[in-house]
Every structure is written in C-alpha cells, then in structure tokens.
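Asks: With chain A's structure known, arrange chain B on it following the hints.
Residues per chain are reported as follows:
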Amino acid sequence: MAASMLRRVGRILKQIENIFALAFGRQFPPQSLCVVAVPTNATNKTSLDVLDNGFLWAVPRSRRSVEKRLSRKFGYPEYVYKLLLPKRNLLVCNTCGHHYEANHLCPHCYAKVRTETEAMQSTIQKELGLNPVEQEVVVIYEGEKVEQPAEFWKGKRVIEMKKERPSWFSKNLLEKSTVQPSSGGDVKPTELA
Amino acid sequence: YVCHMRTNIKYSPWKMWYIACMVRGMTVDEAIKQLSFVLKKGAIAVKETILEAQQIAVEKHNVEFRSNLWVAESFVGKGVVIRGMRRHARARVGKVEYFHCHYFVRLEEGTPPKHYYPFKRELTGSELLENWLQQMRKRKIPNSL
Numbered sequence: 004m005a006a007s008m009l010r011r012v013g014r015i016l017k018q019i020e021n022i023f024a025l026a027f028g029r030q031f032p033p034q035s036l037c038v039v040a041v042p043t044n045a046t047n048k049t050s051l052d053v054l055d056n057g058f059l060w061a062v063p064r065s066r067r068s069v070e071k072r073l074s075r076k077f078g079y080p081e082y083v084y085k086l087l088l089p090k091r092n093l094l095v096c097n098t099c100g101h102h103y104e105a106n107h108l109c110p111h112c113y114a115k116v117r118t119e120t121e122a123m124q125s126t127i128q129k130e131l132g133l134n135p136v137e138q139e140v141v142v143i144y145e146g147e148k149v150e151q152p153a154e155f156w157k158g159k160r161v162i163e164m165k166k167e168r169p170s171w172f173s174k175n176l177l178e179k180s181t182v183q184p185s186s187g188g189d190v191k192p193t194e195l196a
Numbered sequence: 385y386v387c388h389m390r391t392n393i394k395y396s397p398w399k400m401w402y403i404a405c406m407v408r409g410m411t412v413d414e415a416i417k418q419l420s421f422v423l424k425k426g427a428i429a430v431k432e433t434i435l436e437a438q439q440i441a442v443e444k445h446n447v448e449f450r451s452n453l454w455v456a457e458s459f460v461g462k463g464v465v466i467r468g469m470r471r472h473a474r475a476r477v478g479k480v481e482y483f484h485c486h487y488f489v490r491l492e493e494g495t496p497p498k499h500y501y502p503f504k505r506e507l508t509g510s511e512l513l514e515n516w517l518q519q520m521r522k523r524k525i526p527n528s529l
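These protein sequences, in sequence, are chains A and B.
The numbering of the first sequence is the numbering used here, which starts it at 4 and goes up by one.
The numbering of the second sequence is the numbering used here, which starts it at 385 and goes up by one.
Chain A with its partners taken away, still in its complex shape (with noise of 0.2 Å):
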C-alpha cells in the first residue's frame, strides 16, 4: 500500500519534470536557481557522433593512368583474362542435334529426361504420400501390368504411369548388353572409314 503510493508520487514528480522541460526547453532546476553545478551537455546533440568517429572518408588521392584502366578493363591473358572467349570445346548431340559441351550432359536431351523425371516423382508422391516406403516401388507405364502375372507384383508397391513408354526409356536397365561375348580371335575396326 506504502509502496504503491511511493510509486505514483514519484510518477507525479516525473511528469512535472517533463512538463517543466517541454514548457522552458531546459533543466530543471533552471541553471542559475542550481545549488550544486548540474553538467549541461550531459545528452545534448551538438556535434554529430557520427563525424567524430575518427572514419576516414576514403577519396581518390590521384588519377588513374591509362594503363590501370585498361588493365582492369581488360585483364592480362596470363592470369585472369576479362574479355570472354569463345568455347572450342562444343560439339553436336547424336540424339537430338543441338550442341553439348564436351565431357558434360547434353542441355536439351537431360531436360527432356528430367521432365519425365519429374512427373514420375509427382506421381509417386501423390499415391505413396507421406507413408514410410518397407517394400520395393516400381514405377511402369500404360499396358506394361498385363505383361507379368500378379504374384510378380506381389510384395511391391507399383506405381501405375499413366502414359506410354518414353522410346528413349527402355525396360531392361539391369542387363549390360545383348551382344554375347565372341569366342573368335579376329578383331572387328569399329570405324570404318
């Protein structure tokens, strides 16, 4: 009880003191009326903190020479070169006939596979959902599930696609080749002139 009213008087007083300040544009006690000396510029903004940081305001202390131009300009061929150079390294795709760079993924035929890539994906989320996956997915297209008799499909979840078969993605992706392994000695040229 005391103490809340030791609150609000000392509210009062503050109040009083704001008014005081807003009223006169000074201290209170006003400075000539101060027994002791009150310091004046305790929170006054006279000055800018902000130039008297000590911050260097960098300019440019000369011109730069022509060469200093041109070499940032340009750069130097042996280290780093800033004009762009033309690529030797392209050459043409056999499946879809735009260019690839050399030793990297054709742009246009890893779109096209990416997209399919894709709605597999969707498609797969869409049936499986959020459900933890404990039995083999197999993803197959449009009249494929005729081809092998139920209990094939027993203990996997399938996921039926429904369009055809890209022509690009085959079946068999676990056999490495259908050539049989020669028993002859002869060597065939693969690149006949």
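Hints in this document: simulated from the structure, not taken from any laboratory.
Predicted model, so just to flag it, every value in this text is computed and none were measured.
All clues stand as given, with none of them false.
Distance condition first, Cα-Cα at most 35 Å in a straight line; then the derived DSBU-like pairs of lysine-lysine:
| id | chain 1 | residue 1 | chain 2 | residue 2 |
| --- | --- | --- | --- | --- |
| 1 | B | K424 | A | K115 |
| 2 | A | K76 | B | K417 |
| 3 | A | K76 | B | K522 |
| 4 | A | K90 | B | K425 |
| 5 | A | K115 | A | K157 |
| 6 | A | K76 | B | K431 |
| 7 | A | K71 | B | K462 |
| 8 | A | K71 | B | K417 |
Here are a few chain B residues that face chain A, going by a calculated C-beta distance under 7 Å:
| id | residue |
| --- | --- |
| 9 | Y402 |
| 10 | K417 |
| 11 | Q418 |
| 12 | F421 |
Note that CB positions come from ideal geometry on N, CA and C, so glycine has one too.
Replies: Using the frame of chain A, we list chain B on its own:
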C-alpha cells in the same frame, strides 16, 4: 545489312560490353551457339536480339540464306538509370543505381572477314622480319655521336 536493337535491358552496360565484344565478327550460327554457353544474364538478351535480327533479315530484307549472315557491329549503350538510397549502419547513406542498357547489332550478308580487328591479325614472316630489323636499327648507345 540489317540493324536491330533491344532497349532497356535490365543489365549493366559495362558488363554487357564483354558479351557484345565476344560476338563481333562471328557468323550468326556461331554467335548463337557460343552465346548459349556464356554464363551471364546479358547473353540471353543478346542471343534473342540476334535471332530476331536474323528473322527480320529473312522476312523483310530479302536475305536468301539465314546462315549467310555475320555480325558486323555489336555494341552497347547506357539506358535508363533508376537512382535510390539505402541505409547503412551508424546513420550512413548509400547510393543505389539500377542500370539498364541498350544492345545494338548489325548483321551483314556473306562470309565474315578473317580478322575483324586488323591489328590483331597474325603478322606474316616478311612483316615480322621488317619489325625485327626496325627494332635492331633503332638501337643506339646513349649520349654517343
């Protein structure tokens, strides 16, 4: 010849200059092929501009073969600049500038010249010999007669 341009591409003109420089003196097919493998934003705009120019050449300027064109001129100009301010720490202000550029291209019919920049060509044996002789003859012992 066929002139074409694209204005106010949202890309810095100084960065676009490198792409414009690369394309100069190439055949149109070669330019388009190389631009597809340049990993810069401006390359997309330049490639589209050149394709448009090729199309205009075939349809309106009586060009017979669309591959028989080469890039005679390819340069960049400064476009709109949108200026603004941004704040930094400690009451400091920064200037922000959003640059746009114009890209200009001129296609000519026929095969491109072997050297677009004459000073860049490889000198022949006789020219190299002449240069060497001049260098040798320029030598002098300083402060001599």
